[in-house]
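The listed protein sequences correspond, in order, to chains A and B.
According to the working numbering, the first sequence holds residues 1 to 382 in order.
According to the working numbering, the second sequence holds residues 383 to 614 in order.
The set of hints was computed from the structure by calculation and includes no laboratory data.
Beta carbons are placed, not taken as given, at the ideal position from N, Cα and C, and that holds for glycine.
Careful: at least some of the hints might be erroneous.
Said to hold, decoys possible - Computed footprint of chain B on chain A; a stretch qualifies when at least three of its residues, placed anywhere within it, have a C-beta under 8 angstroms from a C-beta of chain B:
id, segment
1, 50 to 59
2, 115 to 126
3, 144 to 153
4, 179 to 192
5, 232 to 238
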Amino acid sequence: MGKNRPLIDVNGLRVDGRKIDELRPLEMKVGVIKRANGSALVKHGGNQILCAVYGPREVHPKHLALSNKLLIRAEYRLATFSVNDRKSPAPRRREHELSKIISEALEPSIFVERFPRAVVDIYINVIDADGGTRCASITAASLALADAGIPLKGIVASVAAGKVEGKVVLDLCDVEDKDGDGDLPVAMVATTKEITLCQLDGNFTSDEVKEGIELAMKGCEAVYEIQHRTLLEKFEHVSKEIQKSSLTDESKGEEKEDSSEEEDDDVVMEIDESELEEMGSKAIEDIVSEVNNEEEDDKNDPEDEDNLSDIVEVEFETEKVEPESDKPEYSTKSIDLDIVEEVIEEDIDEINVVTTIIDEDEGEKKDNPQESENTTENLEEE
Amino acid sequence: MSLVVEKSELVVPGQFLGKGKFRAGYGVYKKNDEYYASVIGLLNVRQNNLFLVPLTGSVYFPKIEDVVIGKILSAGMSSWKVDIGGVYEAILSISSVIDRRNDRGPRIYDISKILNIGDIIMARVEVVDRTRVPVLSMHGRGLRKMSSGRLITINPVKVPRVIGKSGSMISMIKNETNSKLIVGKNGWILIYAPNYKAEQVIIDALQLIETQSHVSGLTDRIKLYLQEKMKN
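The task is simple: from the sequences and hints, build the whole structure.
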């Protein structure tokens, strides 16, 4: 293993021109996989990590379910094209180990006691590897968990410190990882400073370990800033688009979509950025008051009852209906006979409750006369 | 007692909200007298109750007395398993569907004659607790098997927005498109539209509500959108 050039040159800069404590460029995005409950794409230096989160949902196979808490099941896989020499698709020992490590790094940040016997599946795919993939994976997974709306104690950020040419540096790139003296990945819940992952591989003195961990923690804070911005951006982007379109297009009153904005209006108003922000926050206040009485999970709140009656009352228009035969085809005690929905289509007849009463004495089965056979084609799920 | 975050500000999980004598509501957790957010949402305070209006979350967390729309997944001896888009599959037992108190017939029959796999039902959440899966009941006003309509699903946290204050948003949608909508608390929606075009317009409008739920003036914008689309 010949090192042809120094990893830290005379100016104190590293192979890619960075300073000792400088992070590689970071770019993040959430909501990239629509089908998943949550997802994130993280680009950290040359790394590109795609993460999808499904859950909480029931565990399959059932014997893996934990009776008192949520199971966190991360699956870390390197794409075959993510490294120089094609990596075989079968998961190797390293991927199994990293899957376990990532699950354990994320678990302290999740309220696992809230969902017993369920699982959160985190699928991590490294589509481009460039040193420090486990850290970028944890960063991506935490973003995806937040995007999925899973209750979290905090967001986990992760970065690797290392030792190169006897010096402790931050955020190793691929070359430094392979040819350096040591590697110290650290993951931290940024807001509480709780460390959830700390590994060491190489030769460090105990002072260097301390230095490395502190340096990595500072790096994690910087990573968290970008995570925070990314999560807010998803919503603020929409607000800004709407503010912009509603101001330039007031007369037309036409609805504009997020990214595909058609500017058929020649007149564009010049708006101050600060003005826009002020309008944005005022606008949010209005909708919060609008949504005010729709709060969920507040058991002591009497307005909750309004919510339920809202749904039930609004949807039904009732009509008196005579029962079709003398023998009641559904229970008269527990189900209200009088409700029949007013339906737009005349040819669809709706009967309240589908019940079958099997009369053993007569030895026949009576089915409720309903046109489920004709109308099942209308039922579609999206 | 102080808040470091402004009301209606967008917060992320783990963000410090404030200290003092609040009550931790939805999306907020307390640690040593300090309050933090646990989901992405807009902060709101009402009479000492600190809570979030959530903006993310695609899994439904059932509450007692919620009216939901579900789909039968399997039929057992005396109960069905129902998919309500939640963490767990709910259970609907036969005694919650028919009333057998006056029935002297045999106990065992093929319950798939009553509700078969794939059937869409409207039911009420009867029991929710940590030791078991949610239990549903179809005893109640208007709870029944749904044999028609177009079923779509939206994010359950957006359901209050789709209904609007005192039903303002949903009534507006129904009027503008001359259709009927049934919205379950789990985010499953049944659309009864007079034609395919109206149905498609409603689906697009609901997706718009989902993405723009945090911006004000939504009801008016959706109204204009619907009017525009229904014009031709």
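Status of the hints after comparison with the structure:
no., hint, result
1, 50 to 59, "holds (count 4)"
2, 115 to 126, "holds (count 4)"
3, 144 to 153, "holds (count 8)"
4, 179 to 192, "holds (count 4)"
5, 232 to 238, "holds (count 4)"
In the structure shown, no violation is registered for any of the earlier numbered hints.
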